[in-house]
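Visitor: If you count by full-length UniProt numbering, then the sequence shown holds residues 1 to 161, one letter each, in order.
If you are wondering where the hints come from, they were derived from the structure by calculation, not from laboratory data. Fair warning: this is a prediction, and the values are worked out from it, not measured in the lab. Every residue, glycine too, gets a C-beta built ideally from N, C-alpha and C. Careful: at least some of the hints might be erroneous.
FRET-style restraints, in silico, Cβ to Cβ [stated by the list, open to error]:
| id | residue 1 | residue 2 | range |
| --- | --- | --- | --- |
| 1 | S117 | L148 | 17 to 23 angstroms |
| 2 | P53 | R153 | 24 to 30 angstroms |
| 3 | S22 | E70 | 46 to 52 angstroms |
| 4 | L92 | G40 | 33 to 39 angstroms |
| 5 | A156 | L92 | 51 to 57 angstroms |
| 6 | G157 | V80 | 52 to 58 angstroms |
| 7 | L144 | S117 | 20 to 26 angstroms |
| 8 | W138 | N50 | 15 to 21 angstroms |
| 9 | R54 | I16 | 22 to 28 angstroms |
| 10 | L72 | V33 | 23 to 29 angstroms |
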Amino acid sequence: MPPGANGRIMPPTLLIDPDPDSLLMREEIFGPVLPVVPAGTLDAALAFVNARPRPLALYYFDDDRGRQDEVLARTMSGGVTLNDTIFHLAQLNLPFGGVGDSGMGAYHGLDGFAQFSKKRPVMVQARWAGTALVRPPWGARGQLVGTLLAAARKLAGAGRR
């Protein structure tokens, strides 16, 4: 298809009531195509979503905060945009990524920095730390520490029931 006057190869397209078993509905869509699946009730819509692999994005249109919360509570997906599409992707302070078949992890902002960074834990023990008393080889020092700990336990009454 040659590019149109606006330079786009494929214009944004809505597909109304596509066949649920079609390739379009079984694969992730990376293009200007949005399937619109009619549902008679919120329960039917949620059943449709939850009967399939977890989506990379979820769009829900409704101004009722209670129903919005219900959709969020009863579904699992990547990003969510309420009352619009795609805009969660453009928010650089929000993580972007999927769950399940859509992939795991996230990028953008601080989440992206953490995702693509390697945290390297480094613990520095002081040369004369108290833990040196209980490290092997135990020998006489370990015997002394054991005796002192047993005496402290006895004094504290930890051995009584």
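Visitor: For this structure, which hints from the list above don't hold up?
Guide: Result: hints 1, 2, 3, 7 and 8 break, sorted rising.
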